[in-house]
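Participant: Just so we're aligned, residue 1 is where the sequence shown starts under my numbering, counting upward by one.
Check each hint, because a few of them may be wrong.
[To be verified] Between beta-carbon pairs, the in silico distance windows are:
no., residue 1, residue 2, range
1, M151, I108, 16 to 26 Å
2, R123, H86, 26 to 36 Å
3, R28, Q103, 16 to 26 Å
4, G84, I112, 44 to 54 Å
5, D134, G84, 24 to 34 Å
None of these hints come from the bench; they were simulated from the model. Even glycine gets a Cβ: it sits at the ideal position worked out from N, Cα and C.
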Amino acid sequence: MLLVCERSLDTELCFNVEISSELTRSDREKLAWILGTPFDPHSLRITSHLTEVERSSLLVEIGPRLNFSTAFSSNAVSICSSVGLHQVRRLEVSTRYLIHWEQVGLAIGADIENKLSSALYDRMTQCRYLSPVDSFQLDIAPQPWYEVDVMGRGRAALQEVDSHLGNTGLTATITW
Numbered sequence: 001m002l003l004v005c006e007r008s009l010d011t012e013l014c015f016n017v018e019i020s021s022e023l024t025r026s027d028r029e030k031l032a033w034i035l036g037t038p039f040d041p042h043s044l045r046i047t048s049h050l051t052e053v054e055r056s057s058l059l060v061e062i063g064p065r066l067n068f069s070t071a072f073s074s075n076a077v078s079i080c081s082s083v084g085l086h087q088v089r090r091l092e093v094s095t096r097y098l099i100h101w102e103q104v105g106l107a108i109g110a111d112i113e114n115k116l117s118s119a120l121y122d123r124m125t126q127c128r129y130l131s132p133v134d135s136f137q138l139d140i141a142p143q144p145w146y147e148v149d150v151m152g153r154g155r156a157a158l159q160e161v162d163s164h165l166g167n168t169g170l171t172a173t174i175t176w
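From just these sequences and the hints, can you work out the full model?
Facilitator: Written as structure tokens, this is what we have:
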């Protein structure tokens, strides 16, 4: 059997930069130099070049969970600071995937979309961005902590916590 796909997957990296004040033209050039590719300096853009076409492609953006700064961000901010870009507070990179399929007009359901997107990332450290990142500020309040009586209730207590937290895989770890 011979399967020929003209296009199946396009990707791009997105650099999400949090700054404390506006960058001058010189500062923007420094940042572009840091983030750009030496062999293709004009590949860095302000806007995405990937566009989803309804019923023939799916655009998925995957990046680090926004509730913590990554090692990449720490290193990037340090590099920016060393060249005088002290306005850069956080810099995270995400990957955008444009998945194409050949049968134009084929609509996929939410279940297939979720299966496709979840295969692209590590749920522990990454998440899918359903809209472009415009801020690293999260509008969620942490849940209050509570005690789990593992010594008194054993496995049942851990299974209850796992269920309460949304089936995190703790039960599978306990079984192992």
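Participant: Starting from the hint list further up, note which numbers the structure goes against and sort them upward.
Facilitator: 1 and 3
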